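With the hints as a guide, dock the two chains, each given alone in a separate frame, to form the complex.
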Amino acid sequence: RKEVEQDPGPFNVPEGATVAFNCTYSNSASQSFFWYRQDCRKEPKLLMSVYSSGNEDGRFTAQLNRASQYISLLIRDSKLSDSATYLCAVNSASWGKLQFGAGTQVVVTP
Amino acid sequence: DAGVTQSPTHLIKTRGQQVTLRCSPKSGHDTVSWYQQALGQGPQFIFQYYEEEERQRGNFPDRFSGHQYPNYSSELNVNALLLGDSALYLCASSEPGVTEAFFGQGTRLTVV
Numbered sequence: 010r011k012e013v014e015q016d017p018g019p020f021n022v023p024e025g026a027t028v029a030f031n032c033t034y035s036n037s038a039s040q041s042f043f044w045y046r047q048d049c050r051k052e053p054k055l056l057m058s059v060y061s062s063g064n065e066d067g068r069f070t071a072q073l074n075r076a077s078q079y080i081s082l083l084i085r086d087s088k089l090s091d092s093a094t095y096l097c098a099v100n101s102a103s104w105g106k107l108q109f110g111a112g113t114q115v116v117v118t119p
Numbered sequence: 000d001a002g003v004t005q006s007p008t009h010l011i012k013t014r015g016q017q018v019t020l021r022c023s024p025k026s027g028h029d030t031v032s033w034y035q036q037a038l039g040q041g042p043q044f045i046f047q048y049y050e051e052e053e054r055q056r057g058n059f060p061d062r063f064s065g066h067q068y069p070n071y072s073s074e075l076n077v078n079a080l081l082l083g084d085s086a087l088y089l090c091a092s093s094e095p096g097v098t099e100a101f102f103g104q105g106t107r108l109t110v111v
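In the order they appear, the protein sequences are chains X and D.
Counting the first sequence from 1 gives a position; this note's numbering is that position plus 9.
Number 25 in this note's numbering belongs to position 26 of the second sequence; there are no gaps in the numbering.
Isolated chain D (complex conformation) (with noise of 0.2 angstroms):
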């Protein structure tokens, strides 16, 4: 049974370009939650997908966007790329009405 998978494992960016990050969940899972982490830090909460809707989003601006699909499968996409942007983005899949989460093993996106 495979768990979490993100593609692609790293990337390299340069400012103000846009970037897609996937992900799928784990089977039977049908939410997705997206989180970065920035060096030295705990993950911070982007939004959560559930049923193809935005249920709940984090302080993060409107560049940063998202989609999910009938299969569960998710992307973030990220405009206008900020050297700050840089850093482990994480999606996390949840079964239906259960709290806990497992992590993908995340894209490290690098901004230059």
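Here chain X stands alone, though its shape is the one from the complex (with noise of 0.2 angstroms):
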């Protein structure tokens, strides 16, 4: 079983609509949680860091469930812009290895 896993779609959404995927990850010691957004060829931005307590920025809101051991993304109000794959990333220690899904395509469409 891989650590860290993704539906790697793509999912397919018209403009202003809404979707919602999940990184499940493998090691319960995990302390550190984050999504970022790779565009075609280019490296990975980060997008968010996941907290606890969940945490919204705009239109993306992430949550971490410890007990099922999965982060979430949802994405509102979808942009053509925000066409690109998703990366979740998982850290055991404060410092050292991002452990990486394979990412989740979003494709936004007009």
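No wet-lab data here; the hints were simulated from the structure.
Since we're looking at a predicted model, the values are computed, not measured.
Honestly, I wouldn't trust all of these hints.
[Claimed, not checked] Stretches of chain D that chain X covers, calculated by requiring three or more beta carbons in the stretch to come under 8 angstroms of a beta carbon on chain X:
1) 36 to 47
2) 53 to 67
3) 98 to 107
Positions of the beta carbon are idealized from the N, C-alpha and C atoms, including for glycine.
And the structure:
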């Protein structure tokens, strides 16, 4: 079983709609969680850190469910520019490696 | 404020050759990690450097080695290149004691 798993998608979303997807992790000792956005053939860009209480940044909301060992990302009022691959990353210490999922592709259509 | 910068951006090498990739971290960052990203996959951790020492290593062979300089910049060296080493190589830097990592634009290595 992979340490971090994501539904590869693609999630085809009409412009203005809401889309949500999850990322599951296997290491119960994981401490830090992140969502990155990656455009085709570009570097991952940090979208948001995920806190225990959940957090929101504009149209983006991230949640952490420790009991079921997953994090989620919800995008409201989707824009064409939200089309990208969303990578989740997990860390089991305050330093050290980030374990990435393979990414979820989101395609926002007009 | 410059972010993480990597050089070169693209590279083509022949099987069996050696390659050196370079990374300058974001200002104020002292920790540098290297990742390999194959097409359709998430980044895979190669190793992390802190205080000029390799602090943690992923599941990569000894052909992959690195270095960190006193100014926190870093190099990734790969010897005896294989076709399977073709990938996007990403450098990420982070602040002292902080897990959030910021990536450079990557070096796309093609081995022929």
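**Request:** Check each numbered hint against the structure and report the violated ones by number, ascending.
**Result:** Nothing - there is no hint that the structure violates, so all of them hold.
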